[in-house]
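Taken in sequence, the protein lines are chains X and U. Going by the numbering used here, the letters in the first sequence line up with residues 1 to 279, in that order. Going by the numbering used here, the letters in the second sequence line up with residues 1 to 279, in that order.
Hints are computed from structural coordinates only; laboratory data are not their basis.
Same chains, same label: a pair holds when it works inside one copy or across any pair of copies.
Below 35 angstroms or equal to it, Euclidean Cα-Cα: the simulated DSBU-like pairs (lysine-lysine) are: (1) 28 <-> 175; (2) 156 <-> 262; (3) 85 <-> 15; (4) 15 <-> 262; (5) 156 <-> 175; (6) 45 <-> 71; (7) 71 <-> 85; (8) 273 <-> 15; (9) 28 <-> 71; (10) 142 <-> 156; (11) 262 <-> 273; (12) 28 <-> 142; (13) 202 <-> 156; (14) 142 <-> 71; (15) 45 <-> 12; (16) 202 <-> 175.
Each chain, written out:
Number of protein chains: 2
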Amino acid sequence: MLSRQQLIDQIKQKKSFLCVGLDTDLEKIPAFLHNYADPIFEFNKRIIDATRDLCVAYKPNAAFYESYGVKGLQSLISTYEYLPKDCLSIIDAKRGDIGNTSDRYARAFFDEAATGMGFDAITITPYMGHDSITPYLAYEGKWVIILALTSSVGSKDFQYLQTNEGLLHEAVINKCNTLAGTDRIMFVVGATKGAEFENIRKHAPHNFLLVPGVGAQGGSLEDVCRYGMTPECGLLVNASRSIIYASNGEDFADAARAEALKLQQQMAEELEKAGISPS
Amino acid sequence: MLSRQQLIDQIKQKKSFLCVGLDTDLEKIPAFLHNYADPIFEFNKRIIDATRDLCVAYKPNAAFYESYGVKGLQSLISTYEYLPKDCLSIIDAKRGDIGNTSDRYARAFFDEAATGMGFDAITITPYMGHDSITPYLAYEGKWVIILALTSSVGSKDFQYLQTNEGLLHEAVINKCNTLAGTDRIMFVVGATKGAEFENIRKHAPHNFLLVPGVGAQGGSLEDVCRYGMTPECGLLVNASRSIIYASNGEDFADAARAEALKLQQQMAEELEKAGISPS
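Generate the whole structure from the sequences, applying the supplied hints.
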């Protein structure tokens with residue numbers, strides 16, 4: 001489990017704020033891996049081995065594992081067990097339900113004794129309000145990463161609605177920041193919204209932001225840093241497909257490392273520009 | 001799989017619009033069931049046998065199963081297989097993610113060949129907009145049940161925000177009803193909001209509404225019907241804890257039946273009042 005300070009230390013040491021998204025798809029992994037008993041885990045294991053010194057977080061996307069039923073869940077549990085302890089482990093589950101049900105989802109992903117999974121953080125969706133969030137916060141030291149402004153085309157449908165408490169995503173950030181401190185709460189903000197990070201930072205000046213959409217979805221790392229970086233970095237930039245599917249040959253892990261390295265080097269430059277370095 | 005017309009026919013035949021929620025909790029089921037290999041499935045099986053002629057839908061709550069890891073998922077799959085084909089099978093999963101991920105969740109719960117589960121309907125959360133919903137609609141004949149106005153205390157945080165397109169939950173209903181017809185889209189509206197059904201019906205005059213919160217959460221069936229019933233009924237009223245945990249002794253299935261029967265008899269009266277009967 002990584003505290004806020006430990007996460008910041010990892011970012012400084014590795015000169016990276018990269019999160020590798022494990023959206024592992026049986027149809028996209030190299031064919032030779034299908035000879036293994038658990039091809040998904042075998043793929044993830046090699047991706048993790050190839051990138052662990054270049055990133056500070058891993059984020060398996062629950063949907064991909066769930067779409068393979070019991071086998072997929074077993075792959076997810078094996079992947080969780082294999083994640084390096086110096087990286088933040090995020091389950092991208094986007095759950096959201098009333099209190100007594102959120103309590104069960106928290107148990108599913110946070111309570112290793114119950115399910116074999118004890119992720120550090122979970123993504124959740126805020127529509128049902130505070131009681132859909134607080135059950136996760138009952139797990140000491142665990143992080144909640146709340147959807148604010150996403151990079152999907154549908155983000156325009158509701159997240160930008162003007163409400164009596166500001167734009168909906170602003171209202172979400174303001175409300176959720178009353179529930180716990182910046183050592184427990186992050187927000188998802190899509191990288192396709194570069195310039196909007198400036199506004200997001202008015203509402204979430206200190207929170208870490210989990211930023212999907214760099215790479216395959218077209219967001220610019222430079223813009224995200226220009227408008228979104230704080231003196232403690234405050235960013236976790238996720239890349240999934242552009243790293244893990246860089247090649248579908250036997251060299252996939254090397255190709256993934258090369259892509260992760262490119263991002264890490266850009267991140268090192270951005271951190272240096274901002275004067276963020278190991279103390 | 002039940003079409004809209006088949007669902008209406010079932011409601012008329014059974015004189016019931018009851019949905020039984022299977023929020024099955026190992027800590028609450030009778031102790032003697034723990035002697036079985038799969039106590040959760042054993043419990044659900046007996047609940048289903050005791051109530052299947054009194055209800056038109058079953059709704060397992062995914063969180064409860066997920067909180068038991070691989071075993072829980074196996075119990076959920078066995079439960080799915082056991083659900084009567086003349087009842088609508090709803091997975092209460094409240095998922096919500098971007099297109100390529102929603103596509104995976106759809107596969108997880110709709111594609112029986114992939115996971116062993118081919119539910120008729122899934123609950124989803126609308127925060128990410130239309131592309132988080134359309135992948136489910138690609139499965140012909142399946143239903144999407146979208147959170148609109150929930151019975152949780154946190155429902156006040158965002159769902160009632162006044163926006164430039166009406167209250168947020170009104171904007172959700174209006175937008176989502178442009179995505180497909182009332183043969184594919186339902187909304188969740190909590191029973192604790194009795195009088196508000198009148199307003200909801202202005203925005204969703206023909207949709208079926210899935211109504212949690214009767215019983216344990218304190219909503220009134222009479223109010224829900226007064227303000228929410230349509231000439232085709234248009235309601236699925238869910239009860240979970242008040243039915244399945246009516247007793248925790250060896251008589252639990254009989255006690256569940258007695259509770260379900262009480263609700264079914266009230267529903268028969270409401271249907272009669274409204275002149276809804278088999279043609």
